[in-house]
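**Student:** Keeping their order, the protein sequence lines are chains S and D.
Using the numbering used here, you'd call the opening residue of the first sequence number 1 and step up by one each time.
Using the numbering used here, you'd call the opening residue of the second sequence number 1 and step up by one each time.
One or more of the hints may lead you astray.
Same chains, same label: a pair holds when it works inside one copy or across any pair of copies.
Below, in silico cross-link-like pairs of lysine to aspartate or glutamate (DMTMM-like), each with a Cα-Cα straight-line distance of 25 Å or less [to be verified]:
| id | residue 1 | residue 2 |
| --- | --- | --- |
| 1 | K102 | E65 |
| 2 | K139 | E65 |
| 3 | K102 | E4 |
| 4 | K14 | E4 |
| 5 | K139 | E4 |
| 6 | K139 | D222 |
| 7 | K139 | D10 |
| 8 | K88 | D222 |
| 9 | K52 | E81 |
| 10 | K52 | D130 |
| 11 | K66 | D10 |
| 12 | K40 | E81 |
| 13 | K88 | E65 |
In case anyone wonders, no lab produced these hints; they're calculated from the structure.
Keep in mind the model is a prediction, meaning the values are calculated, not measured.
Number of protein chains: 2
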Amino acid sequence: MSPELIHLFDLPGKTVVVVDILRATSCMTTAFAHGIAAMKPVASLEECRALKEAGYVIAAERNGEKVAGFDIGNSPFSYMEPALQGRKVAVTTTNGTLTIAKSMAAHDVLIGSFLNLSAVARRVTALNQDLVIHCAGWKGSVNAEDTLFAGALIDLLLNDFTLGADDATLAHALYRQHQDDLPGYVSQSSHAQRLQGFGIMKDIEFCLATDTYEVVPFMQGDQIVASGN
Amino acid sequence: MSPELIHLFDLPGKTVVVVDILRATSCMTTAFAHGIAAMKPVASLEECRALKEAGYVIAAERNGEKVAGFDIGNSPFSYMEPALQGRKVAVTTTNGTLTIAKSMAAHDVLIGSFLNLSAVARRVTALNQDLVIHCAGWKGSVNAEDTLFAGALIDLLLNDFTLGADDATLAHALYRQHQDDLPGYVSQSSHAQRLQGFGIMKDIEFCLATDTYEVVPFMQGDQIVASGN
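Kindly produce the complete structure, drawing on both the sequences and the hints.
**Tutor:** Set out below in structure tokens:
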């Protein structure tokens with residue numbers, strides 16, 4: 001439910017699905033669906049900026065907003081630009097990149113969002129390892145949209161997996177309760193309300209649509225890549 | 001949702017309700033309802049044992065079981081003994097006492113359980129401060145029964161408070177979904193299943209009954225006390 005709790009889980013040998021619905025992992029899914037070559041998540045603005053000289057497009061978000069001086073921020077629409085096809089992107093965000101960094105002990109680290117929900121479920125089943133769904137939250141706090149995604153993914157996996165902890169049961173119950181109106185529920189959440197202040201309602205609606213894409217980005221070394229799918 | 005997340009909350013000036021349904025705060029509620037004078041929560045078995053010489057009854061639980069050499073463990077029924085009336089009890093448990101220790105920056109720290117749910121809600125409203133419900137969980141992990149209690153308390157307070165964070169929304173949704181069958185839901189949870197292994201189904205059923213008692217224990221210095229109510 002939060003990167004602050006991930007140390008409670010034993011990751012080696014497992015699959016981790018990293019989730020930051022608003023908006024890091026939704027952006028990553030969109031970026032690969034639109035043809036970028038690779039994405040390098042980094043912790044600091046400085047590291048990200050330095051990669052510009054190495055030929056990377058640089059993307060940075062802090063506290064929900066694009067950081068001045070970077071090529072792009074954290075809107076999925078900015079990743080639809082044809083000019084990004086075949087390019088490498090270096091990215092740093094408030095919550096998502098930290099969540100990836102704290103997942104790296106796993107055997108496989110996948111990038112999940114509502115945009116590729118069913119494709120992620122199929123990949124998780126094919127990998128046939130225990131699963132930890134790692135929600136980015138907001139600066140350590142539990143958030144509604146990432147927990148809902150966890151519940152949605154659990155719902156697709158119930159035939160193949162058993163629930164191993166109470167937080168999974170809880171996330172699934174939340175999803176079952178709100179599955180017919182995800183945008184309605186999420187728009188009441190504190191994080192969505194915070195982001196609405198930045199005028200990105202269009203982003204939020206886009207990020208809550210299910211199965212827009214088939215691509216499942218995954219970590220390979222220190223970069224995110226995607227197979228042809 | 002966990003003592004591992006409490007550092008994300010600003011406690012000074014607020015009311016904290018500490019919750020460890022199975023079974024520390026249920027025991028504390030029961031103990032004061034049955035007339036103990038005071039309770040001193042301590043972190044270690046050694047500290048607890050040392051208080052025996054100072055005239056305390058000593059109670060210790062680790063990993064769900066009574067620790068050998070202590071007077072009592074962590075069953076609410078053990079606190080119903082007439083011999084405990086007017087006595088002081090020193091107590092250490094796996095999760096509950098740590099959760100209390102991590103709550104002490106608050107202005108008021110109350111002990112909550114289903115057993116005194118409505119009385120806690122009335123006290124919280126009377127105190128008229130922002131509220132943090134601090135769930136003990138299980139060794140840092142989120143658990144079902146403490147989150148359910150948080151949702152139940154939120155449900156009673158909705159007329160007087162607004163929800164400040166997504167975890168509160170989530171707990172409330174969980175409670176609303178399962179309010180008609182708390183024992184059924186909790187008995188599926190990982191922690192309840194762990195405890196059932198110790199043959200304490202009777203304890204679990206007792207701890208999920210609502211409003212058995214009116215007493216609201218609270219921290220006064222380093223001890224838990226209760227006013228006459």
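**Student:** Evaluate each hint against the coordinates.
**Tutor:** Outcome of the hint check:
1. In the homo-oligomer, the alpha carbons of K102 and E65 lie at most 25 Å apart inside one protomer (23 Å), although the nearest pairing across protomers, at 33 Å, exceeds that limit.
2. For the homomeric pair K139 and E65, the shortest alpha-carbon distance inside one copy (14 Å) is at most 25 Å, but the shortest distance between copies (36 Å) is not.
3. Taking the shortest Cα distances, K102 and E4 sit within 25 Å of each other both inside one copy (9 Å) and across copies (16 Å).
4. Both within a single protomer and between protomers do K14 and E4 lie at most 25 Å apart by alpha-carbon distance, with minima of 19 Å and 23 Å respectively.
5. Within a single copy, K139 and E4 get their C-alpha atoms as close as 9 Å, and across copies as close as 13 Å, so both meet the 25 Å cut-off.
6. In the homo-oligomer, the alpha carbons of K139 and D222 lie at most 25 Å apart inside one protomer (23 Å), although the nearest pairing across protomers, at 32 Å, exceeds that limit.
7. Within a single copy, K139 and D10 get their C-alpha atoms as close as 22 Å, and across copies as close as 14 Å, so both meet the 25 Å cut-off.
8. With identical chains, the CA atoms of K88 and D222 are at most 25 Å apart within one copy only, with a shortest distance of 13 Å there and 57 Å across copies.
9. Proximity of K52 to E81 under the C-alpha cut-off of 25 Å is restricted to the intra-copy arrangement: shortest distance 18 Å within a copy versus 72 Å between copies.
10. Taking CA atoms no more than 25 Å apart as the test, K52 paired with D130 passes in neither setting, with 37 Å inside one copy and 46 Å between copies.
11. Neither within a single protomer nor between protomers do K66 and D10 lie at most 25 Å apart by alpha-carbon distance, with minima of 34 Å and 28 Å respectively.
12. In this assembly of identical chains, the alpha carbons of K40 and E81 lie at most 25 Å apart only when taken from the same copy (18 Å versus 63 Å across copies).
13. With identical chains, the CA atoms of K88 and E65 are at most 25 Å apart within one copy only, with a shortest distance of 21 Å there and 55 Å across copies.
Hint compliance for this structure: hints 10, 11 are not met, and every other hint is.
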